[in-house]
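Number of protein chains: 2
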Amino acid sequence: MEHVIFPPRMYNFLWTIRNSPLEKKILDCGAGGNYPPLAIFHQHGFETHGIDISDKQIEKATTFGQKHGIDLNIVKGNMCKLEYRDESFSYVFSQNSIFHLIKADTTSAMMEMKRVLRKEGFMYVNFLSVNDQGCGAGEKAGPGEWIAPEHGEPTLHSFYEDNEPDSFFDNMDILLKTKSSMEFENGEYRMVHIEYIAQKK
Amino acid sequence: MEHVIFPPRMYNFLWTIRNSPLEKKILDCGAGGNYPPLAIFHQHGFETHGIDISDKQIEKATTFGQKHGIDLNIVKGNMCKLEYRDESFSYVFSQNSIFHLIKADTTSAMMEMKRVLRKEGFMYVNFLSVNDQGCGAGEKAGPGEWIAPEHGEPTLHSFYEDNEPDSFFDNMDILLKTKSSMEFENGEYRMVHIEYIAQKK
Numbered sequence: 007m008e009h010v011i012f013p014p015r016m017y018n019f020l021w022t023i024r025n026s027p028l029e030k031k032i033l034d035c036g037a038g039g040n041y042p043p044l045a046i047f048h049q050h051g052f053e054t055h056g057i058d059i060s061d062k063q064i065e066k067a068t069t070f071g072q073k074h075g076i077d078l079n080i081v082k083g084n085m086c087k088l089e090y091r092d093e094s095f096s097y098v099f100s101q102n103s104i105f106h107l108i109k110a111d112t113t114s115a116m117m118e119m120k121r122v123l124r125k126e127g128f129m130y131v132n133f134l135s136v137n138d139q140g141c142g143a144g145e146k147a148g149p150g151e152w153i154a155p156e157h158g159e160p161t162l163h164s165f166y167e168d169n170e171p172d173s174f175f176d177n178m179d180i181l182l183k184t185k186s187s188m189e190f191e192n193g194e195y196r197m198v199h200i201e202y203i204a205q206k207k
Numbered sequence: 007m008e009h010v011i012f013p014p015r016m017y018n019f020l021w022t023i024r025n026s027p028l029e030k031k032i033l034d035c036g037a038g039g040n041y042p043p044l045a046i047f048h049q050h051g052f053e054t055h056g057i058d059i060s061d062k063q064i065e066k067a068t069t070f071g072q073k074h075g076i077d078l079n080i081v082k083g084n085m086c087k088l089e090y091r092d093e094s095f096s097y098v099f100s101q102n103s104i105f106h107l108i109k110a111d112t113t114s115a116m117m118e119m120k121r122v123l124r125k126e127g128f129m130y131v132n133f134l135s136v137n138d139q140g141c142g143a144g145e146k147a148g149p150g151e152w153i154a155p156e157h158g159e160p161t162l163h164s165f166y167e168d169n170e171p172d173s174f175f176d177n178m179d180i181l182l183k184t185k186s187s188m189e190f191e192n193g194e195y196r197m198v199h200i201e202y203i204a205q206k207k
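In order, the protein sequence lines correspond to chains A and B.
Quick note: the first sequence uses this note's numbering, first residue 7, plus one each step.
Quick note: the second sequence uses this note's numbering, first residue 7, plus one each step.
So that you can see chain A by itself, here it is in the shape it has in the complex (with noise of 0.2 Å):
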C-alpha cells in the first residue's frame, strides 16, 4: 500500500482530524471506486466501514482491496437511509457521491450521516458548484439538477450556489470551506467543487 498515489480530494480532511483524540472509526457513504478513499484511512489506523449503492463501484474497491491485502468493508448501502445507529461513527466522510443524488434526496442523506456521527464527530462531504461545466448539460432534472451522459450511461449531477449547501449543516461548526476550480487541458474544461469538514455540536 506505501507507494499507492490517490487523488488528492481527502487530503484536507486527514489534515484536519489529524490531532483529534476520538476513535478512529469511519463511514464512507459513496465508499467504491479504483480508488477507495478508505484505504488511505485505513494505512493511517482506522476501523473502516463503507457502504456504496453501485455493486460495480462494490466490485471495484474490493479489487483494490485484494490487490493490497486489505479488507475495508464496504458493503451495499443507500446513504438515504443508513443502516447504523445513532451516534456510530467518529468520522463520517462522504466524497464524489451525495452530488448523484437529487437535491431532496440530499436533505435525507445528510441527515443520516448526521445522525450516525456521534457528539463532537468530524464531517466531510463535497458538492458541485453551479460553476462547474456540467451544470446547464443535458437534460434538468430540476432546479440546479441535470441528467447527462457520463461514462456513457445518463448520470444525475445536482448543482450548487455558494452558499446553498451550508443549511445542512445546522447543529455542526463548519470548520473548513473550499471552493476550488480546477482547469483542465488549457481551460477546455472546468470542474468546480464546493467541500466542508464540519463538527457535529
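Careful, some of the hints might be misleading.
[Said to hold, decoys possible] Calculated pairs, DSS-like style, for lysine-lysine (alpha carbon to alpha carbon, straight line, at most 27 Å): (1) Lys73/B <-> Lys125/B; (2) Lys185/A <-> Lys185/B; (3) Lys30/A <-> Lys73/B.
Keep in mind the hints are simulated off the structure, nothing from the lab.
Position chain B against the provided structure of chain A, taking the given hints into account.
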C-alpha cells in the same frame, strides 16, 4: 514515515505525474519547513533536491528528516539564481514560496525553474490570489505587493489576478490550473491560492 500526514497541497502534483516515465529526480524551491513536501516524494522513490533561502526553515526540515531517518538533501539557495545546470530535473516543485518574492523577482525565479527543468518535465507552482484575505492588508510595497506581520515578522506577499501568472508559463503546456478559496472559522479567515501544473515543451 508511513503514518505522517501532510498538508494536502502537493497531492494534485503527485497524482498528475503518477504515470510519467521520466527519471524520478525532483527539485523543490522553498523546500524547508516542518512538513517538507520532499518527504512525500522521497517516500515515493524520488531522488530529492531542495533549496531554501531561510536557515530556520532548512533547520525545521532537517529536524523532520532526522526524526524519520531520511536525508532530503535540502541546501541553502536562492530560487532567483539556481546553481544547477540547464535541464537537470524531470520535476520542479515550489509550494507556498514564490509569492514571498516581489513580482520582478518572481519573473526571474520562474525563468530559472524552467531553465533547470528538462524538456517534457513537469512543474508545480502556486500563487496567492488578489481575493486572499491578506491582499490589501499592511503596507503596500508595489502593485499587488503587501508587507504585513507573519509569525511576528514583517513579511512580503505578492497577489495575482486570476490569469496574471499565465504569462510565466510560455513554452509550457498548462495541464491543470486550480483556484481554491478556503474559509476557516465560519468564514472569518480566507486563503485563496492559484496553482499550476505545467509541462515544458
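Going through the numbered hints above, which ones does this structure break? Give me the numbers in ascending order.
1
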